[in-house]
Amino acid sequence: MGNKIGRNDKCPCGSGKKYKKCCIGKISTVKIPRPTNAHPLSKFNINFLIDVFSSSFLFPNNHGKNIRLELLMRESLLHGKKDNGSANIIELIKVLNTYYAHHHFEDPPVNPFTKIITFFGGDYLILPGISEGGDFILSNILGAIFHTKNKLPNTFKSLVTQLSLLMLNISDKAIRDVGLERYLEADIVNNEISVFKKEEAIDYINAISIVEDDFLKLCEIYKIEKEIINLILLGIQEEDLTTVEESKNPVIGKPILKVNGGYKIISLGNFHIALLHAIIEMSISQNCLKELITIYTSIIWNNINVHLGYSDYIRLEKYKPIDNSGLDIYEEFYRIDRDKIVYVSMQYDDGSNYDITKPFGSQGKNKNASRIEKHIDQVIESLQTQFPDDKILSIQIFAGLGREYYRTYKKYDSVEVLAFPAYYFDLIMNTREYEALDFWYYSQAKKRFVEKTRFSSFTDEIDLYSMYKDLDNSFYMNDDAQPDMMWVQLGYAKKFIQKVYEDEDAHSISRRDDKGRVYKTPCIRIKGQENLYYSPADLGKRLTKVITGYKQPIWVESLDNLSKVPIESKGIYIEFLDAISYWIWQITEYLSIALENIDYQPITINFDFKEKLKFHEIEFKFDREEGIENDFEISVTGTTITIIIPHKILPYLYGEDNLGEQILVRKILEGFNMLSKNKINKGILTQDSINEIIENVVNIPHKKKIYLLNTNNNLLLDPRGTSSVRYIQEYNINKNLDKLIPKLIKHKIITNKTVDIEDKNNFIKKMSSKIFLPELINEIEKYDSHFLLEHFIRLNESLIYNRNRKILNTPTMIACFISKEKQIDDLNESFQDIDRTTLSIRCLIEHIAACPGNGNLLPSQEDIDNLLAKMDQIISWGMIGDQINYDLDDIKINVLKSGRIGTDKKLSEQVFKPFRLSKSSENVSDAINTYKNNYKDLPEDDGKEIFTKKTEEAFISEYGVNLTQLIQFSQVLSGICFFKDPSCSILYEDDLIYEIQKLLPELSKEKIITSLNHFSLSKRKHIMDLPDGMETYDVFPWRFNRRLSLNQKPLVKVFDTEKKENKYYVGPRQLIKSERFLLYLFYSGKLRTKPEGKLNKLIGKNLDKKGEAFTNEVHHYFNDTIQNSIIDKEVEINTKSQLKHSKDIGDIDVLVINKESKKIYLLECKNTEAAKNIKQLVEEVNNLFGSESKKGWIKKHNERYEWIIANKDLLGAKYNIDLKEFDVIPIILTSEQLATEFLKKEELPFKLVSFYNVKEKLFSAFED
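For the record, in the sequence shown the residue sitting at position 79 is 1483 according to the working numbering, with numbers rising by one throughout.
Fair warning: there could be bad hints in the mix.
Keeping only pairs whose Cα atoms sit at most 30 Å apart, straight-line, the calculated DSS-like set for lysine-lysine is [unchecked claim]:
| hint | residue 1 | residue 2 |
| --- | --- | --- |
| 1 | K2612 | K2562 |
| 2 | K1577 | K1602 |
| 3 | K1485 | K1652 |
These are computed hints drawn from the structure, not numbers from a lab.
Using the sequences and the hints, build the whole thing.
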């Protein structure tokens, strides 16, 4: 195996070409020992050999071994005994392992083992083998012939129809007969050729055998002229079976053999290649090859541009393309960013010199190759001339005909070139995760990588792209030195390719057209939903979904013309479509049994609304009228159920329950009953069975698909003005990491010989002050600060909405789709992206507010991504600096051989990662527990004071306005902004004061200005300059509870030099969030105030009450939850209590004596707030473990624990129980999980447990 020449390796002849594009087949490649006097297969019976090797194509373990199987079939036909001969399978396996253990040309397969070709009548299974894109080419050629207007001769179309139906039916039956399904991933156990076992022989032999009568019946059903099989029939006498050129093996193009009584499929792995070859051969004989290639390439080109349109590629305006007449090339020009143009071109094989005798008998080469290359040069030159300030990416795509095609791609100094075969480009687009800048970022990362490392010139682009995606949008593989040369593993993209096919599960599904005729339409699976699909042909035209898993496909469709529905009202149509489809999927287990007695014809459920305007403009009137079921209108025509939904259902859809959806499902089931009566003269569902479906499937808490929310109750959930979110891009993060060391050397922070960083604190300070901060300042200085402020505020608003929506959806996601554990993982991942991006955005807004740039450039999306990445870098290193500064852990920082700065990840992996996961678990629990609050109306103002007189006075003394006025100001201003511009309102000061006083006349102008000053960020000389009363802490972006943060000052004040007036940039959701944050800081005791002020003293008193409230909550919980236990609270141990001690050692907050388990739980209850940053984590550790001047919680509680251990008799006497045999378990019970539990796990003398854990696991939470 060591001397194996791969198909993609350099040819050993020295040409420099790929082996498979040069001497493949010209050099003998079967380097195996052969007996001198006889062929190793010559002792076996030829029919036995044909059966074994034909059926071997059907074994997944043989995926990728096509060359050997083709070789074995050819040599079997040459050397197998026609009379007698051995049929010993054991002997044959020995021959295979000795003489056919490997083949030089076999590469790891990247295709799924099975695929489908969609044609008349539906989907047909094929084995794609090792062909690169053969199924893609065949599918598009068939689509072009039969789904486009063209000038192809009818005789040609007839021949193609007949041959395709014949071959695809044969292939499909053979593959299904052995139980294989579409898009199967092959589990390749070893490199041996797998053959059938004795007990499997009949099934596999039957699968590759075609009985004459079955063949004739197939021809009769599909009106196929039986002679057409001759096009793919191997004539042993005529064919040159002695050829040693693997690419010209006759069994590839002629995969069927005539035998007594019928036919054998001798090369099933090449069926699609043989069909494709036969179609091209027929087009040549019918003189229509040119027309065929024209329509084939045009359909591919159209699909490419549709994909790019969905990816936000915008056609380039004001550019006149250079004439490409007479050249085999398609071209389009796109703008993907403010300063980036993508030139997309597609060349193709024009079929010149096609060898009609063998599929791979010729190599394609465009006779106009030099003219095309010159044309591309001219196009790029013209783009550079007309758009001198733009960067250009050239994506060159090639559409082949299945044969080898030799071509080169020219490199340019200032233009990046990416080259893809059309089938791989289509595959990338089909991930449905592609964004406009993805290829640009990929090209830039690749460009930087190849400056140091050369790839093999034969490395496939799809393998590189898959690697780039696997490595978080980079080519950073590990911490070792970047190699000079890298060989990418052949077939690296296999997992990427397999996942795309499995996720899409593209196949055709039956449906009816407008005239009631049944036809098949291609469909794609809706992501994350097992049996729900959509038809790409319907996108933008019709609202449809289809449910599989039944005997019949069930289509759901809105009757309304989508183009006539107002944009703001389309959401309700989509929700009903989703809900009806979802519930039909959910009740499959029950309904599928009932539908078994109805024929296979597709069923359609059409829905529409009665009194549409009431659905378009929903009034939140919540009185539920009785008898709503009678207001539905249901009718059945053929297999179509039409449901007209009354507006009276709307109050039933609003609320935490799903009663409205229960009613909807009942009416859907009623429709199925009506359809059944029409079809088989009886209903299929009794009232009892309908009730059972509702109770077992639908009537489940939080299981809800239609959200009617009165967002006036929570404006954070109001979608107005929001857009899709874009997170920090890993590409930009990786780019910064790769560029850091040269900057460190330039600024003399390290030398090129530095390995370990000794003075870590100084290193981080210098890096921040000399590199990060100056770079950020210089970058921001270039751009229009007003544009940046508005852009980032809008993005921040969308992220706030997105985060709150995910929390709202959490209970329904768990009820409808996934487990609680999976939702915890998903939420953890989502919140990391959202919170990381949100923090960087907020800090950028703060920076721009303090130090706006004077430039007038408008940033591109890449510029925005770079700014976010730079701020993320500042925050990340700031947090590392805090870890070092507060001696939280011994973090190592060193210069890696890879050219990056490395940091110890132990704290992240052992503390922060599990802590984040625990917080996600708490978030899920909170979302479930507070779900119903989303449907509660805000209480009406009863005129009562919300805050105490002392609170109001304390706030006035601190800020000049009371807390009520601050809250009123915030609420009124956010309301004004939602009506003006719900993502970023820009208000001049006089107008703002006027608007507020209209709604809040009791608030004086002076108070409004005071409130504005309290809530506003404004310009200062330098980002590090501190306004009066502020500390350095308030500037550092990685710190929590900063008074100069957007969370505490959500308005940005800018002086308009033209109007000579202040104007304010306001994101209304951030304003609401800041109002809530103010209340949180106040009630949690974290509001930073004047040390000796009234507010500071008031907060101290409130904290005592807060701790007492948590203790009471825990006490009530145990009283209500457990039995056969003694439960008490605030059990004192001091000089005067029944539990007498020589000194006052405090009290046991909650005492639980469990008689059943014989355990005494001592609960020290702490109403905690989890640390939000490193500094708070240090404070958390100090609270637990204490400091030089103060005892910690652990030490205090340990005193009580040791006293109870020694005095169980006194405790027993107090509660009249013998406690000698009882174990004592001390616990510090926190209101939420603390990171310290993970940080100091080994040092904790007893458990830290969160109350969330207790409510989920009860006593087992104390034992885990």
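Practice item. If any of the earlier hints don't hold here, list their numbers in rising order. Key: Of the numbered hints, all hold.
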